[in-house]
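These protein sequence lines are chains A and B, in that order. Quick note on numbering: the first sequence equals residues 10 to 299 in my numbering. Quick note on numbering: the second sequence equals residues 4 to 328 in my numbering.
Keep in mind that a hint or two might mislead.
[As the list claims (entries may be wrong)] Beta-carbon label-pair distances, calculated as ranges:
(1) B:Asp308 with A:Thr126: 50 to 58 Å
(2) A:His165 with B:Gly198: 47 to 55 Å
(3) A:His98 with B:Ser179: 31 to 39 Å
(4) B:Asn190 with A:Ala131: 54 to 62 Å
Worth flagging that the hints you see were computed from the coordinates, not collected in a lab. Just so it is clear, the structure is predicted and the values come from calculations on it, not from any experiment. All residues carry an ideal CB built from backbone N, CA and C; glycine is no exception.
So the chains spell out like this:
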Amino acid sequence: MDLFLQFLINGLVIGAFYALSALGLTLILGFMKVVNFAHGELYMLGGVIGWWVTSRLGLDFFSGLLVVAVAMGAFGWLVDRFLIERIRHEGEEAGILLTIGLSVFIINTALILVGSTPLKVAGPVAATPLFLGSAVVTENRILAVAVCAVLMAATHLVINRTRLGRAMRATFQDPMAAQLAGIGVANIYACTFAIGTIIAAAAGMLLSSIYSVQVSMGGLVTLKAFIVVILGGMGSFAGAILGGLLLGVVEALWGGYVSTGWVDVIGFSIVILTLLFRPYGLFSKRAERA
Amino acid sequence: MLQVLERRSLLAFMALAAVLPLVFHDPYLLHVGIMVLIFAALASSLNLIVGYIGEFSLGHTVFFGMGAYVAALMSTRLGLPIWILLPLAGVVATLIGAAIGGITLRLRGPFFVIVTLCFAEILRLVATNWVDLTNGPMGLAGIPKPFDQDKLAYYYLCWAVLGASVYLCYRFVHSSTGRAAVTVRENRYIAQSVGIRPFTYAMIAFVLGAFIAGIAGSLYAYYISFVGPEVFNFSFMVSMILMVLIGGKGTLLGPLLGSLVVIFLEESLRGAQELRLSLFGVIVMLIVLFMPRGIVGYVHRCIQDKSRPPAAPAALKDGKLQAGA
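Working from the sequences, and respecting the hints, build out all of it.
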C-alpha cells in the first residue's frame, strides 16, 4: 500500500506531461486534421533549445521557457505556412508523409548538432524531497506539474475567451464560411499549429528539468501523444488531459508491480483495444471519427 | 499502351539485373546488387498495400522482421536448410499478416497508420525483452551462409525471388481482384455500390504483401547472417517508404527503381549516418511537395501529355477550386 501511493504520484507526474503533449497534438490532429508525426520532435526540440539557452546562454528557467515558446512558436508557424499549407487539401496521407520526412530531418540534424547524450535542464528549484505520508515527491516535480496545469488553463482560455480562439473555432467548423466572414484562414491554421508546437515544446522543456532530454526520444513521445489522443477522443480537451493522466498511472502501476521492460507495450495495447471497441475515444461526447 | 510499356520495362529491369553480374566482376557491386534485389522485393510488397489498397502501413517491418527472425531462429536452433525456411518465413508472415490485417483493415486513414505502427513497436519490444527466445538486444548471430558463401549464387537466388514476387504482384494487379482493389482505392463508395467488399480485397493485398515481405526478410537474414531487434526499427520503414515514393506508388516498376536509387544513395553516404537520414527526410518532404507520383508517375504524365493535347483548361483541374470546403 505504501508503494501504491508512490506509484500513483509518479504516474500522475508523468501523466501530466503526456496530457500536455497530447493537448498540443489534439489541436493539430483533432482540429487541423494533420496527422503530425513530427510532434515528438517538436517536444524534443523544446527540451534541447531549453537546455541550450539555460546552460549555454545562462538564462534562468522561466526566461528560458519564454525563449523556447517564442522560438518554437515561430518555427511552428513557418512549418505550417511553408510546408503544410501546400498539402492542406490533399488528404491525410500527404500530411503523414510530410511530417515523417520532417521528423526524420529534425532528429538527424539534431544528432549532428548536439549528439545523442542525455541533456539535463537546470530546474528553477532544487530537487528537495517532500514527504506525503509514506510517499516522496520532489519540489521541482510539483513546480513542473503546476506549470503544466497553468499552460493547460491558458490554452483553454485562449481557445474559448479570445478573439483568436473564436476565429480558430469558426475556421475549424467551416473554413469557407470563416473566410467569407473575413477571417484570414491561412493565418489561423498557422497560429493553431504554432500553439500546438509551443505546448509540445514547453512540455519537452519542463520534463527535461525533471528527467533529461535525448534527441532520439521523439518517436516514443509522438506515439504516446497519439495513444492519449485516441484514448481521450479526437479534439477533446478534457479527453486529452484525462487520457494522459490515465496512461501515466497505468504505466507506473504496471512498471511497479509487473515488469519495467514491457511498460511501453501497455500504451500500444491500449490504443489497439480502444480503436477496436471504442473508436471515438473514452471521453468524447461527439461521435467524431476521421 | 501503358500496360505494355510497363510489362516491357519490368522484363528489361529483370534481364538487366540477370546480366549485370556477368559483365562486372566487382564483389562490392555484387553486394550492392543483392541489397537492391532484396529491398526491391520488399518495396514491391509494401507497394501492394500503399499503392493498391491506398492505406498507409507503417507496420511493414513486422513482416520483414518476422521473416528474418524465423530464418534466424530455425536455422541456428534447429539447423533447418534455406529451402525450407524461405517458404516457411513467408507462411509465418502470411499468418501474422492475416491476423494483423483482420484487426487493422477495419480502420482507415490516420488510425490505420498509427495502429500498424503500434504493432511494429510491440514486436520490437518483444524482440528486445524476450531474451530467452530472441537473445534480446544482442540479437542472433551466426546464421549459416548458404551456397558455401558463394555470393554470385546468392545473387541469383535473390534475383529469382524478386522475379517471382514481381510476377505475383503483376498477376495480382492485372487480375479482376487487383482491379477491384484499385476501384476501392479510387472510390470506396462506388466500389461498394457495385458489390465489391473493400475489406476482402484489402485483406488479399495485405496478406500477399506480408508473404513477400516475410520471404524478403529471411533472404536479408541469411545474407547479413545476423538478426537483432533493429529489423523492427522505424529507419527501415523510412527506407521502404522512400523506395516506394521515389519510384512511384501504385506502379509495379516504381518500387524497383526506387530501391535502386535509395540503396545507391545509402551506399554512397555510408560514412555519414546522420547526414544520410537527414537528407532522406528532406527528400521525403520534397517528393511529397513537388513529385507526389514519383519517377514513374512523372514519366507517365510526360507520355500522356505528348500523346494527347490537353483538353480541359488547367483551372478546372486545380484542386483548390473544388476542395474549398
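Results of checking the hints against the structure:
no., hint, result
1, B:Asp308 with A:Thr126: 50 to 58 Å, "53 Å, holds"
2, A:His165 with B:Gly198: 47 to 55 Å, "49 Å, holds"
3, A:His98 with B:Ser179: 31 to 39 Å, "33 Å, holds"
4, B:Asn190 with A:Ala131: 54 to 62 Å, "57 Å, holds"
In terms of the numbered hints stated before, the structure departs from none.
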